[in-house]
Amino acid sequence: MSDDKQKVTSTDEFIKGLWRDNPVFVQVLGMCPTLAVSNTAENALAMGLATAFVLLMSNILVSLLRNFVPKQVRIASYILIIATFVTVTDYAIQAISVELHKSLGAFISLIVVNCLILSRAEAFASKNTIGKSILDALGMGLGFTLALFCLGAVREILGNGSIFNMPIFSEGFQSWIVMILPAGGFFTLALWLLIINALQTRKAKS
Amino acid sequence: MLKKTLDISSSPHIYKGRSTNEIMKNVVWALLPVVFFSVYSFGLNALLVIATATFASVLTEHVLCRLSKKETTIGDYSAVITGLLLGLTLPPSFPLWMAFIGGIIGIALGKYIFGGLGYNVFNPALVARAVLQAAFPVAITTWHPAFLTDRFSSIASSVFTLPFMEPKFDVISGATPLSAFKFDGVTTSTAELAFGQVSGSAGETCAVIIILGGIYLIARNMMNWRIPAAVLLSAFVLSGILYSINSELYPSPWFMLFSGGLMLGAVFMATDMVSSPITPIGLWIYGGIIGILTIVIRVWGGLSEGVMYSILLANAISPHIDSIIKNRVYGTKRKIKTA
Amino acid sequence: MALFNLHKNTFKHGIHPPESKDETNGLPIRQFPFAPVIILPMAQHIGAPSQIVVREGQEVQRGQLLAKANGYVSVPMHAPVSGKVRKIANVPTISGKMSTGIYIEAFPFSTQEVLEGNPIDPDTATPEEILQGIQDAGIVGLGGAAFPTHVKLKVPEGKTCETLIINGVECEPYLTTDHRVMLEQEDDIFTGIKYLLKATGAKKAIIGIEANKQDAADHLVQNIPKGLPVSVQVLPVKYPQGAEKMLITSILGKEIPSGKLPIEAGAVVVNVATTAEIGRLLPHGRGIQERVITITGPGVKKKGNYLIPVGTPLRYVLEQVGVDEDISEVYMGGPMMGMAVSNLDISIVKGTSGILVFTKKDVNRSTTIYPCIKCGACVDACPILLNPSKLGILAKFEAYNEMASDFNLMDCFECGSCTYVCPSHIPLVQYFRQAKRIVRKREADKKEKAHA
Amino acid sequence: MSEASNIEMQNPASSKKMLLAMVSIGVISAFLIVMSFELTLPRVQRLKAEALEKAIFEVLPGTVRTEAFGVNADGNLFEIAEGDKPETVIYVGYDKNEKLVGYAVEGAGQGYADIIRVLYGYDPKEQKLIGFQVLESKETPGLGDKIGKDEEFLNNFKALDVSVSEDGKLLNKVITVKHGEKQNSWEIDGITGATISSRAIGNIIGTSTEEVVPILYEQSKNEPTVNN
Amino acid sequence: MNTESLGSIFLNAALVNNFVLAYFLGICPFLGVSGKMETATKMGGAVMFVMLISSMSAYGIHAFLVSIDAPFLQLISYIVVIASTVQLVEMFIKKISPVLFKSLGIFLPLITTNCAILGVALFQTSKGYGFLESVVYSLGAGAGFMLALVLIAGIREQMNFAEVPNISKGTALTLFIAGILSLCFMGFAGLGS
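Protein chains in written order, with my numbering: chain A, 78 to 283; chain B, 31 to 369; chain C, 36 to 487; chain D, 146 to 373; chain E, 19 to 211.
Note that these hints are calculated values from the structure, not bench results.
Note that the structure is predicted; figures quoted are calculated from it, not measured.
Ideal Cβ placement from N, Cα and C applies to all residues, glycine included.
Don't take each hint at face value.
[Stated by the list, open to error] Label-pair restraints from in silico Cβ distances:
hint, chain 1, residue 1, chain 2, residue 2, range
1, D, 165, A, 273, 53 to 61 Å
2, E, 120, C, 289, 26 to 34 Å
3, B, 238, C, 400, 35 to 43 Å
4, C, 47, B, 104, 33 to 41 Å
5, D, 294, B, 255, 44 to 52 Å
6, B, 238, C, 258, 43 to 51 Å
7, B, 184, C, 400, 52 to 60 Å
8, C, 403, B, 184, 40 to 48 Å
9, A, 97, D, 203, 46 to 54 Å
10, B, 227, D, 207, 31 to 39 Å
11, D, 173, C, 484, 56 to 64 Å
12, D, 325, A, 97, 53 to 61 Å
13, D, 294, A, 199, 39 to 47 Å
[What the hints assert, rightly or not] Only pairs whose alpha carbons sit at most 25 Å apart, straight line, appear in this in silico SDA-like list of lysine to any residue:
hint, chain 1, residue 1, chain 2, residue 2
14, D, 366, D, 310
15, C, 431, C, 441
16, E, 54, B, 48
17, B, 99, E, 54
18, A, 179, D, 259
19, C, 47, B, 284
20, D, 161, D, 183
21, B, 99, A, 275
22, D, 162, A, 98
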């Protein structure tokens, strides 16, 4: 991964998560929430931002404490830190909107086991300064949000004929219910991967 | 003087002279009577739906071959079979645009991504139908009544629904024998079922014609008789046991055999060679799974029909069957592979 | 009863290719003329090539020893014709490799009398003497394998041979050599059996014959000499019943464990033509100089069963029988396991049981190979119950080790049944042949490494 | 903190530093969690209560104030004390004149995909159900989830007969029938294509009303005692 | 309020609402270790086992948290307990059966971040299951996880020997197969009622 490369500019730290090392499309991390709550654009966005928030906060804390925490207990302490911020987020979302909390369900709690966060904590924040860690978290978090939104938008548009609950087709549109079903989640992500694969092959050729 | 150069080839030098192409072609022949009956009972609607699904499949196959810069494989008839089978499993008044999408999905998702003919894990037609079922559950469960008097002169308005629009169904549907039984406890006589006097998917209604097609293929040794035998036998036995336990609650085994898509599935879909196991014992197990799952889903599940899901699940299990059930190789002890 | 037997007296699976034997099975064996030059490769059998004992320019008499056996798994070579050794040089063989060989210019007006050696009396000779005699006569399996017969007959210590099986199955389509031999050389066959029983210590001999040669079976049954423990068993027609393993299963109902020899089932299998040759040569101490070959196929004008001197060039043979203009393929052996000939300059060898000539329109091979659709036809055909479909797919992806370890590749004896039935026209046998070669090479390399 | 000690137990070889690190992280965590919990709690509770009230107002039109009661084993309502979690909760709705509008009852049962939770409003004077709402369901979108959206289906619950007989039992159990075949006022007209889900609703309401409605009917006769 | 029978809890968790194919839980191991049949079975077994243990512990923790009225500690204590159970199980197996440890060992740490495990704990709590129900629920979820993993592993093994087009190679194909399997499992809908 690019983490090991020397002299990476700070914009690079930020940009890489958005596209080149996109956590979902390229690293295939954090699949569970990606698929589970991307049935509407709104859910996807909320989930993405919640994850990004937890990622940011835990990256900050992990980076701050990186010289303080002994190696043997580092994973345990990361999990502890992440779980804390997830709980905080959980309550925050509940306080914002009960409806949203209901539709995201247990998947907010499950951010804890999102491999993306743990892997950033372990692979990046624990080795880098707080500034870099913040940039990394922002990039990865936004990349994750972007990917989720890509999925959620497609699924909502086809599956419900709307985007952010606003109908975008004329009356009588036949929604493709499969898209908001679990199978649709798998298919949509697979299709995005196909597109990215195709783009990359074309790039490699030229 | 004898010429100097000879062609060389590796043994054997003689061949049975049968081709995959020919087998596929014969499956199409065997399907044609089913198509004819479907058109006869459901009229122009069925004809349009089946033709659209077939056209879409063949077109997709051709386009995908072109895109991947290969020679087109539409000549091997497998896309035709996929399209026909898909069309036959759709309700006769199904909107054409949905049937068209089904054809695309069947070939693209059911076959192409796996590497084309020979590598598809699932029966492509059923993959397409499963996606359609999940995508358009209302349209795909709205059944058109059979033998309407104007079936050759008029076309249901739902058939020509504009693409991406929700269809409006003009006739309140005729229930299939299975849904009639499941939700209203009404049974249909076996004779009516066998001769297709009921409503249902375009090609599933007339059991007799399907069986005849199957017998033709089996007689020409182009289909493995064990699969339909195992499917029908296991379904019959399980539903027979249930019937003997409580004949009020459970329908007769004959009803189970002849209703819904079981016959069409057992004869034409479960027998898809690519997605079924290869050893005789494996085939019996595979067929048994389909038969039993079908009855389980019909009796205890939320759906009135389970053939499609049973076959797809059995397709998913079939690689395992093949890796566990192997022929005992000559001169060796049977290997029990504990996977 | 016949029907009952049909089901019992055979092996599992197998195929039924068209027999195509009608055109030649009624034609008696005829002597073939001597070619002006006979070319005799030294590598005609499995094992070490024979070691030449004559020099260029030397005159030889028919039946004279030309080359001696080079070790245990090897046989000597005798002059098929009286003539002069023109040169000793490399000669082409069917596999495409060159082998040392002897060119003999035949004396056109010689009587071609055959030289006699030390006769071996079947009644007094010891088993060892008989085996030695068989080796000295240069006898190899005439069914096609060309494996030195004396090696095969040697019963390993600790094993006993209960049954001697005489293979008169001739399951390959087109070939009628064994058929004619059984009809015309019954005395030689029975004499041969006498030698073989003695050599192997078997209590009885069973001649296995497929039902399409009922006349041969009847003929043999009528002529069994008194006191000779021989019986004839008629088997249903099925390819590849002539393979040792299949024949033993058909006759004895036993299977040979994978990788083992027929002796595991207490049996030794000898081809009927080989048996006849033993019975003809040993009483006179002669060496093998000629053999019966079926020359047939759609491209041949004078089809028939001919007694042809070993070493006769193929081109000469075809010129004598006359072939169509547009011949495209010539096979040595049967159509199922025989090899295609690339070069007409090769010669007839001891293992040649037939010569098939196909014209362009007879070769019904399809050029399009479809993907495997797992129809299972090959699985139902494979006589050793392999899964050629899976093996074929694995071969395509070069998973050779997996083929050998999980799917019994090495048990395949390349009978070609799978390829024959495959509707997708996948050249399965070719794949397997190659895979076997690679696996063997890998094994050998591994051994070498272990030794080093 | 229990977590900290838990981790510590598995690492018997851990030094003081590890312990210190874990404990301090634990303390930070505890602080953050408790703080956010305390901060959000009032708002969360208010939002939840509002959501529930909204639902109750919907199934009991005209209600402005509700009270929650539990049902005990004898079939009597009792006030829910702090920390009590009765099996069945009944919400009593009053209008602006403090007169009883009806009872809102929660029911639940297996649907097509998962458990469906519903709330229905019962009017004891009319002996009818007068409102219905799906609180929670995972029914198939576009199909099974019509139970919460389909106008025609929801109309069933505007006046669904749940009359109680002389002997204190429901006269007719509520049941879902096939679409278009509703004949009696206690039948629910099903949804085509969502047969299972609409039947599940019939079952949930049927079972729940059978149990609760007779009790509530009795209670409503001596309403003043309830309204304390 | 919960009237589900144990059998229907099991069926629902295993088939109808399969953790992988309907709830998207445990997708990471599902994608990661489903390439080979052998590893898939082992992973499945390990997950089933840990699921059962952590479900039981979660039941206990929940009861305890309710009694001390600290619901806000739920998530953090669940995850800590699961992480430590995994460690304990690892050490335990190492002592009891080195052979088993050798084959399962590498999977155990991975399980900590398997959302299916935490999912079982969270769902059983939110569904208000009792002890026995929780155990059955976790067994069902584990069996369902195993089933999905094994099914896809068999298919992926077969796909090693297929002419998969370049663009669908890798994760995309696995996801497509998962999608089709997810459709297949829709056939089970209603079985648990």
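Taking the hints in turn, this is what the structure says about them:
A hinted range of 53 to 61 Å is violated for the C-beta pair residue 165 of chain D and residue 273 of chain A, which are about 46 Å apart. Between residue 120 of chain E and residue 289 of chain C, the C-beta spacing of about 42 Å breaks the proposed range 26 to 34 Å. Distance hint check for residue 238 of chain B and residue 400 of chain C: the Cβ-Cβ separation is about 41 Å, which falls inside the suggested range of 35 to 43 Å. Against the hinted window of 33 to 41 Å, the Cβ-Cβ separation of residue 47 of chain C and residue 104 of chain B comes to about 39 Å, which satisfies the hint.
The hint said 44 to 52 Å for the Cβ distance between residue 294 of chain D and residue 255 of chain B, and at roughly 49 Å that hint holds. Taking 43 to 51 Å as the suggested C-beta distance range, the pair residue 238 of chain B and residue 258 of chain C does not conform, at roughly 60 Å. Against the hinted window of 52 to 60 Å, the Cβ-Cβ separation of residue 184 of chain B and residue 400 of chain C comes to about 53 Å, which satisfies the hint. Here the CB-CB span from residue 403 of chain C to residue 184 of chain B is close to 45 Å, well matched to the stated 40 to 48 Å.
For residue 97 of chain A paired with residue 203 of chain D, a C-beta distance near 50 Å keeps the hint of 46 to 54 Å intact. Taking the beta carbon of each, residue 227 of chain B and residue 207 of chain D are about 54 Å apart, not inside 31 to 39 Å as hinted. Separated by about 60 Å at the C-beta atoms, residue 173 of chain D and residue 484 of chain C satisfy the suggested range of 56 to 64 Å. With their beta carbons about 58 Å apart, residue 325 of chain D and residue 97 of chain A fall inside the hinted range of 53 to 61 Å.
The supplied range of 39 to 47 Å is met by residue 294 of chain D and residue 199 of chain A, whose beta-carbon atoms lie about 45 Å from each other. Pair hint residue 366 of chain D plus residue 310 of chain D holds up; C-alpha atoms about 14 Å apart against a cutoff of 25 Å. Note on residue 431 of chain C and residue 441 of chain C: the hinted pairing holds, with a Cα-Cα distance of about 16 Å set against a maximum of 25 Å. With a CA separation close to 36 Å, the supplied pair residue 54 of chain E and residue 48 of chain B exceeds the 25 Å bound.
Simply put, residue 99 of chain B and residue 54 of chain E have alpha-carbon atoms about 31 Å apart, too far for the 25 Å limit, and the pair is violated. As the CA atoms of residue 179 of chain A and residue 259 of chain D are separated by approximately 15 Å, the hinted pair is consistent with the 25 Å bound. Between the alpha carbons of residue 47 of chain C and residue 284 of chain B the distance comes to roughly 36 Å, so the proposed pair goes past 25 Å and is violated. The straight-line distance between the Cα atoms of residue 161 of chain D and residue 183 of chain D is roughly 32 Å, outside the 25 Å bound, and the hint therefore fails.
The straight-line distance between the Cα atoms of residue 99 of chain B and residue 275 of chain A is roughly 14 Å, inside the 25 Å bound, and the hint therefore holds. With a CA separation close to 36 Å, the supplied pair residue 162 of chain D and residue 98 of chain A exceeds the 25 Å bound.
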